[in-house]
Amino acid sequence: MTRRRPTLLGLFSAAVYGFVLSPIVIVLLASLTAADYTSFPPQGLSVRWYLAIPDNPEFLESFKVSLIVAAASAALATALGTPAALALVRYRFPGRAALNTFFLSPLMLPTVILGIALLQFYTRVGITRTPLSLVFGHLVITLPYVVRLVSASLAGLDPSLGLAAMNLGATPWQTFRRVTLPLIRPGIVAGATFAAITSFDDVSVALFLASPRSVTLPVRIFTYIEQTLDPLVTAVCSVLIVLAALGVVVIERSIGLGRLFGAPEAGPH
Amino acid sequence: MSGARPWAPWMLLAVPVAVFVALFLLPLLNLFALSFVKFDRATGSLGGLTIENYRKFLGDGFYLGILARTLRLAALTTLTTLALGYPVALHLTRCRGRQRAYLTMLVLAPLLVSVVVRSFGWLVILGPNGLVNWVIVRLGLVTDPLRLLYTETAIVVGLAHVFLSFMVLSIATALDRIDSIMVRAAQSLGAPPRQVFFRVILPLSLPGVVAGSLIVFTLGTSAFITPALLGGPRVKVMSYLAYQQTLLLSDWPYGGAIAFILLAVTAASVITYLRALESGRFKVIFR
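Residue numbers (our numbering), protein chains in the order written: chain A, 6 to 274; chain B, 27 to 313.
There could be a bad hint or two in this list.
Claimed, not checked - Heads up, incomplete: computed chain A residues facing chain B, CB under 10 Å, no partners named:
no. : residue
1   : Tyr22
2   : Ala39
3   : Thr43
4   : Ser110
5   : Val117
6   : Ile118
7   : Leu119
8   : Ile121
9   : Phe126
10  : Tyr127
11  : Gly131
12  : Phe205
13  : Glu231
14  : Thr239
15  : Ser243
16  : Glu257
Unchecked claim - Simulated coverage check for chain A against chain B, where a stretch passes if three residues somewhere in it have a Cβ under 8 Å from a Cβ of chain B:
no. : stretch
17  : 31–38
18  : 44–50
19  : 56–68
20  : 95–102
21  : 144–158
22  : 183–191
Claimed, not checked - Residues of chain B clear of chain A, computed beta-carbon distances all greater than 12 Å:
no. : residue
23  : Ala68
24  : Ser71
25  : Leu75
26  : Thr76
27  : Ala101
28  : Phe224
29  : Tyr299
Keep in mind the hints are simulated off the structure, nothing from the lab.
C-beta: ideal position from N, C-alpha, C; glycine also.
Based on the provided sequences and hints, a complete structural model is requested.
Listed below in structure tokens is the structure:
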């Protein structure tokens, strides 16, 4: 199936890939403008807008908030999601299917419902205006990913490995620590990674839960570009794109993107 | 294992379930209850129980128009991703090894950058000083820049851009599952490539098309940030309306009612779609 000549299908795909990459490439190019307004093609060439980022400490501040919230909610989601996945995959009990749906249901809801519901409720119990409400809100939207990815790696596991360990006299905890955990580690790492990325990128929930003292970076950018399109934000967005690209490289090197996104391995042909 | 220790799964589940009930289920139920509470705009006080919030929405052409627009944009986005995504998925499944891995990553690229960055990219492309206007003015097609931003088209472009990945991946998964023996059988029986595609490959890939359409449509109806930035207050969708009513106007009961209407309508359209498929001519494939 090797093709040397480009086919019609290949050309069409190439055009679509161009469409897919265009907003990302355009932001990177537009950030290098020397003008006071965002335009494409950029006017002149300079890095003045990158140098202007430190003059606007609120972006750096928000970046810190985003990192803390992402780390905290990913850690919590992993700590709660891993045992939940274990129970849901390893045991058969009444209510199992319903619980599975329950844990995945935040993914099926419009995010705006979650944002409104969480803000309304957290205000009632008095935990808004603290970074804690952001962590809790993100726990809700990230836990489904951990449950799913850990479940997937557990489902691919041969249960007789655990039984063999138990047979040889290992306690359930030893079996988990020494046999199951090492085998499902890729699923856990993928779940935690996906949770952290989801939290870091979220706007819809964070927009409702952010307080003036703790605004995540995407929310900061959202409110900023709702008002103005000055090139400062192209520079900030470009930094985020570069960070995302670096993240992709790290993930690819450590766990493999194919595993993270569940894409099929290249088949033997 | 489960027979001997029926409590074992609950030891693992107790804390996660309790946390999820407290942080997720209770807030949701609370909002549902609140959507049936009377709200006085003048004083900002909450009153007794009422279905007024729902009646206000369903009896007002302005609000129903926003609902219709939301569904229309989601449907257009689904069709766009299908038209762009099917050929890309077909091409992708014909690639192997590293080439396929890299192309998959390209498909996923929009998901890897934040929604604000993506939407901002479209603002720069579609804006009055943007790429599209620069090109068409240079080509002499128009003399003054066109207004592309804050239109329904802008929203569909922005949504199709990011949801394309879901469509491509679900179709590619379905295409991968097709037993190559089927294709070879059709070929050896003398079917030309066109016929192999329309009679064998396309029908067998329909489950992927259905799955992809469902994902894109539901994500499309509930999309919030992309329509907010590319459509703005001028081209409101349901999510934006709910956001406006709650965070900007503080009418929580009405905002809650809008959010639940959106949820109900999305669920209803998904169920209708699946029912229609089950009774259709390809039902044998979906079993």
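* So which of those numbered hints doesn't the model satisfy? -> Hints 2, 11, 19 and 22 are the ones this structure does not satisfy, whereas the remaining hints hold.
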